[in-house]
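Q: Sequence:
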Amino acid sequence: MNRMMAIVEREMRKFFRSPALMLVAMVFPLVQLIILGNAFG
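Just so it is clear: in the sequence shown, position 2 is 509 by the working numbering, and no numbers are missing.
Treat each hint with caution, since some may be false.
Cβ pair distances, simulated, as ranges [unchecked claim]:
| # | residue 1 | residue 2 | range |
| --- | --- | --- | --- |
| 1 | Phe535 | Val515 | 14 to 22 Å |
| 2 | Asn509 | Ala532 | 25 to 33 Å |
| 3 | Met508 | Ile542 | 23 to 31 Å |
| 4 | Glu516 | Leu540 | 35 to 43 Å |
| 5 | Ile542 | Arg510 | 32 to 40 Å |
| 6 | Glu516 | Phe547 | 36 to 44 Å |
| 7 | Arg520 | Ile541 | 38 to 46 Å |
Worth flagging that the hints you see were computed from the coordinates, not collected in a lab.
Cβ coordinates follow ideal geometry from the N, Cα and C atoms, glycine included.
Could you put together the complete structure from these sequences and hints?
A: Below is the structure:
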């Protein structure tokens, strides 16, 4: 379990250091929500 948490922590650090990755992670779900919302009414 500790190994798993270490891997998660390492990946989270990489994620928060990369502004482009954070932007994509925030914007992409919103775009999908808008597109699917319009597609299904």
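Q: Next step is simple, just say for each hint if it's right about the structure.
A: Against the structure, the hints:
1. Checked against the hint of 14 to 22 Å, the pair Phe535 and Val515 passes, with Cβ atoms roughly 21 Å apart.
2. About 26 Å separates the C-beta atoms of Asn509 and Ala532, a value consistent with the hinted range of 25 to 33 Å.
3. Take Met508 and Ile542: their Cβ atoms lie about 38 Å apart, and the range 23 to 31 Å is violated.
4. A hinted range of 35 to 43 Å is violated for the C-beta pair Glu516 and Leu540, which are about 29 Å apart.
5. Taking the beta carbon of each, Ile542 and Arg510 are about 38 Å apart, inside 32 to 40 Å as hinted.
6. At about 38 Å, the beta-carbon gap between Glu516 and Phe547 stays in the expected band of 36 to 44 Å.
7. At roughly 31 Å, the beta-carbon separation of Arg520 and Ile541 lies outside the given 38 to 46 Å, and the hint is violated.
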